[in-house]
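Trainee: Here is what each chain is made of, one letter per residue.
2 protein chains.
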Amino acid sequence: MYSIPSYYELGSCSSSGNFLQGVVLSSSRTATTNMGNSSCSTAEKKAEAASKNHSEAERRRRKRINNHLATLRTLLPKTIKTDKASLLAEVVRRLRELKKTTSEFAANGTNSETSQSNLFPTECDELNLCHSETEPGTVKATLCCEDRPELISEITAAVKAAEGKVIRAEMATVGGRIKSILWVQFVSPTGGGGGEGRLRRGLKGVVNRAAALSSTGPGLQALPDNKRARLSQY
Amino acid sequence: MYSIPSYYELGSCSSSGNFLQGVVLSSSRTATTNMGNSSCSTAEKKAEAASKNHSEAERRRRKRINNHLATLRTLLPKTIKTDKASLLAEVVRRLRELKKTTSEFAANGTNSETSQSNLFPTECDELNLCHSETEPGTVKATLCCEDRPELISEITAAVKAAEGKVIRAEMATVGGRIKSILWVQFVSPTGGGGGEGRLRRGLKGVVNRAAALSSTGPGLQALPDNKRARLSQY
DNA sequence: ACTGACACGTGATCC
DNA sequence: TGGATCACGTGTCAG
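Read top to bottom, the protein sequences are chains A and B. Per my numbering, the very first residue in the first sequence carries number 54; after that it's consecutive. Per my numbering, the very first residue in the second sequence carries number 54; after that it's consecutive.
These are calculated hints, taken from the structure and not from any lab test. You can take every hint at face value.
Remember, identical chains collapse to one label, so a pair may be satisfied in a single copy or spanning two.
Within a straight-line C-alpha distance of at most 25 Å, the following computed DSS-like cross-link-like pairs (lysine-lysine) qualify:
id : residue 1 : residue 2
1  : K116      : K137
2  : K137      : K105
3  : K213      : K257
4  : K152      : K137
5  : K105      : K116
6  : K152      : K131
7  : K218      : K257
Please model the entire structure based on the sequences and the hints provided.
Mentor: In structure tokens, the structure reads:
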């Protein structure tokens, strides 16, 4: 069927040392008895079948890879060069881009393996401060706790007490819980991080107070009725 | 140097019809004059050089592709199978995942080519309702306007009036402007979209009222002092 | 004629 | 051994 197996029938003795290394194992018997080209020996048939399996397996492997490449092509804008290497380069670019946008929103405290957009509040309370990668000199504070009407003003007070300034804020409220990400800069850059410590302590108090209020009923302050309306309750 | 060129020197006449089609063009002259293996003709040298260029070019191409694959490997968790096909499969999965999360947050009204996370408030007011792709039967409402203290309760009232129920909400406040994305389901599925129209009109009122308040000073209601604190002002 | 890109079969290597 | 994966050189086609 294929023309390649006839290649072995030429009786060529390649000048390369290890050119037929993989074959001598299976064709050693036929190599001792000098073969006629007709009435192929069983070993020869065996080798032929093995070669066929090999090439077909390799074809299947190529097909799998190319199928994935074709799938990747559909995930990119169609204006892209259809070239295989350029396609992969574009995939790298897009992946880096998406990873950056999502990882900036990802809380570094939790496992950042699954770089989901985790502005979605989690079940457990959370407070984490880190230095922003994209905005140097800016602290990114991520917190998650039970929502309550005066929470925003408490956060504001904590930032103010730390002599900080919120340059950007994002928050999501769902199921009575709130998750917020704040980008905070400090007014006096010579403070040497004192503001960051105060900010952490202040926000810690906010989160803990929310936990106390939700778990033990009216704890520090009692304000059961005038709670800010929770969107998820309607 | 390579053992493969000796393959041609065997004088094999392949049984395949077009097996040497590409070679007869360049080696046709040497094929007519039966060659001795010494004193290679210039054409032969030329063909050899061409073959060398060819294989080297192919090696460079392979290297480019593999470099990109190696780069992709670094962008994925290290626990991944190092297998090439599995790697690409994982890349496809991740790309789809990231694409979905970001495109879900992308407002469909604007151009959704650049799938950035555009929870960031824009300068101009915006109101857009569409059917959620990921949550069937759910309306995704995107709005952007000037922030004000009673805005959340107004949104809540609008959703309530439309007999809707917020199953998820996200919002970002920056620079005194707020952007919010709501996923709304309607309590009576037999309504046939009437609730969606009411929701649109209600939210439209909310956005327009914010615009009126910010542009023309105290418009409908005057409450200049007890405004909810804006995070971005501290 | 020449370059670039692709699929193919093959030898080598690792479980 | 046998299956799976890889890099390689090559034939072939398009611009």
